[in-house]
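Participant: Spelled out, the chains give:
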Amino acid sequence: MSLSQIARKQYLDVKARARPTARWLLGNWMELIIETLIRLAGLSTTVIVGLIFFFLLREGLPTFLDIPLRALFSSRWYPTQGLYGLWPLIVGSLLVTAGAVLIAVPLGLTTAIYLGEIAPPWQKEILKPLIEMLAGIPSIVLGFLGWVALAPIIQDLGAPTGLTAFSGSVILAYMALPTIISISEDALYAVPKDYRDAALAIGATQWQTIWRVVFPAARSGLVMAVMLGIGRAIGETMAVMLVTGNAAHIPAFGTDMLFQPVRTMTATIAAEMGEVSQGSMHYSVLFGIGILLFLTTFAINFLAGRLVGQQVARRRGGRL
Amino acid sequence: MKRQHTQKLAVGLITAAAALVVIPIILVIVMIFVKGITAISWEFLTAKPSHGMKAGGIMPAILGTLILTLGTAIACIPLAIGAAIYLAEYSSDSRLARWVRLAMVNLAGIPSIVYGLFGLGAFVLFLNLGTSILAGSLTLGIMTLPVVISTAEEAIRAVPQEFRIVSQSLGATRWQTIRHQVLPHAVPGIMTGIILGLSRAAGETAPILFTVAAFYLPNLPRSASDQTMALPYHLYVISTQVPAMPLAVQYGTALVLLLVVLSLTLTATVIRARMRRRRDW
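Sequence order for the protein chains is A and B.
Mapping to our numbering: the first sequence position 261 is 267, numbers consecutive.
Mapping to our numbering: the second sequence position 150 is 151, numbers consecutive.
Worth flagging that the hints you see were computed from the coordinates, not collected in a lab.
Some hints here could point you the wrong way.
To be verified - Label-pair distances were calculated between CB atoms; the ranges are:
1. Ala204(A) to Leu67(B): 33 to 41 Å
2. Ile132(A) to Gln5(B): 28 to 36 Å
3. Ser286(A) to Phe164(B): 53 to 61 Å
4. Ser226(B) to Ile39(A): 29 to 37 Å
Predicted model only: the values in this text are computed from it and were never measured.
Each residue gets a CB set at the ideal place from its N, CA and C atoms; glycine is no exception.
Modelling step: build the complete structure from the supplied sequences, incorporating the hints.
Facilitator: Okay, structure coming up:
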């Protein structure tokens with residue numbers, strides 16, 4: 007047999023064996039069904055985001071259609087009198103979140119630096135699980151501790167009441183810390199060791215290396231850590247509800263702003279949804295607040311996601 | 002040497018900041034243990050609340066949390082694993098895959114109270130399930146999806162490419178390859194993700210506020226369409242809604258909740274550590 011004959015025989019063999027038998031078809035049907043199910047499962051995540059938005063709109067849309075925007079953004083939240091000014095709630099959320107960011111960002115970034123650049127390995131092995139543990143503590147437990155332990159301390163410090171925006175900020179800061187620390191530690195870790203070696207070799211101190219070289223190189227990851235931390239803080243409900251005092255008024259602008267009771271958007275939904283009759287305007291407005299929260303966190307996460315995309319693209323380009 | 006001083010100062014400050022993060026964590030855990038342990042007794046764990054919840058035990062709340070966690074697992078696991086396989090094995094850089102990824106990131110960021118609103122609008126009212134274990138489990142299940150999907154996806158991606166190539170070169174189809182060569186190696190990682198996700202769900206209060214949680218139920222739930230008590234909501238109720246509540250009972254409830262959640266987290270950590278040690282590639 008010549009070489010071409012052998013090839014032809016083999017080709018026919020393979021072709022004969024590849025003829026669809028009943029078993030083969032059955033196997034492939036199963037395969038087709040399973041692959042379709044897997045694709046559907048993947049697709050379902052986008053459908054769920056759509057459904058969440060749809061059901062929020064379905065219940066909450068009357069808020070934005072039936073209440074004039076000026077009334078909606080007025081400063082009086084008295085639902086029993088038909089006054090649905092969201093401004094005090096928005097200011098409350100922003101104030102508590104801003105306070106939390108002011109505490110959590112410096113603490114989080116420095117802790118990430120400590121873990122990534124300074125801590126000896128044995129410390130890392132203790133500290134990392136401990137920080138993961140913090141992420142695992144339910145928010146209601148932290149809120150409870152804030153209520154029974156932190157609030158009295160803050161009152162002793164001279165505030166008129168312990169249940170203030172600041173108490174909420176402290177609790178929120180610690181809830182956002184695990185997110186900020188782990189993402190910024192990843193960002194620091196991604197900075198090539200060569201950068202550090204080069205900086206140290208030309209005589210920079212460790213601090214100069216961190217501050218002038220490692221930090222700028224990890225910038226976009228650090229920004230993302232901060233953004234996701236903010237996203238986590240603004241959506242937190244139970245802990246904030248227990249410790250911020252829930253007063254729906256705008257604190258007077260000034261240095262003691264943080265030391266007055268406020269009420270956040272999330273706490274308002276949680277506290278009032280149980281008491282409203284379904285279908286009432288008050289009920290719609292609570293869903294309307296949900297829409298605002300959804301859009302806010304969506305925007306934050308979308309921006310953070312794009313940032314990561316850019317970072318990955320740059321790294322693939324071989325620059326970093 | 003000015004910059005040497007700066008160096009020392011900076012390292013000192015950084016260490017101090019790290020301590021400021023870590024010490025309160027230890028304090029919180031120690032405080033709950035020390036103050037909560039006095040309330041814990043056999044009766045506390047196995048009896049129903051009595052005297053306006055000021056005495057007796059918290060058994061219905063513990064049981065409720067376990068039921069809800071199980072319900073969450075049933076609602077979330079099939080979908081999460083399917084989506085994880087899709088992202089790891091089927092999605093190349095297609096446009097659909099990018100949409101799915103965007104959806105995941107956003108699901109992870111949605112506040113828990115908004116999940117509660119969604120559960121109320123979709124399951125309790127639209128599907129007419131009422132405030133029930135079913136509605137609560139579905140709400141918690143959807144909230145848990147992103148955590149489980151992203152961990153499971155990572156676990157599946159970590160299986161070396163060679164396994165797939167060899168399997169397919171021997172004539173296995175794509176699904177056979179995934180089923181027999183990829184998933185078995187990814188199981189520990191997927192389990193870690195599931196347990197971590199469930200530990201989050203077990204501790205959540207906001208999503209169950211309007212979908213399942215009951216203030217006080219003397220009887221245990223008998224079907225999936227009943228309401229139930231749950232530990233996180235119970236802690237909220239007894240610390241804010243019931244006047245003159247003994248502090249020990251509150252700390253005791255917080256401790257039980259913390260133990261439930263942390264034991265799940267610990268299980269996940271142990272599985273992950275073992276997996277790293279056993280990995281044979």
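Participant: If a hint holds in the structure, say so; if it does not, say that too.
Facilitator: Now for the hints, and whether the structure bears them out:
Evaluation of the 33 to 41 Å hint for alanine 204(A) and leucine 67(B) yields a failure: the beta carbon distance comes to about 55 Å. Hint check: isoleucine 132(A) to glutamine 5(B), Cβ distance near 29 Å, so the stated range 28 to 36 Å holds. For the pair serine 286(A) and phenylalanine 164(B), the supplied restraint of 53 to 61 Å holds, since their beta-carbon distance comes to about 58 Å. At about 31 Å, the beta-carbon gap between serine 226(B) and isoleucine 39(A) stays in the expected band of 29 to 37 Å.
The structure does not agree with numbered hint 1 stated previously, though it agrees with all others.
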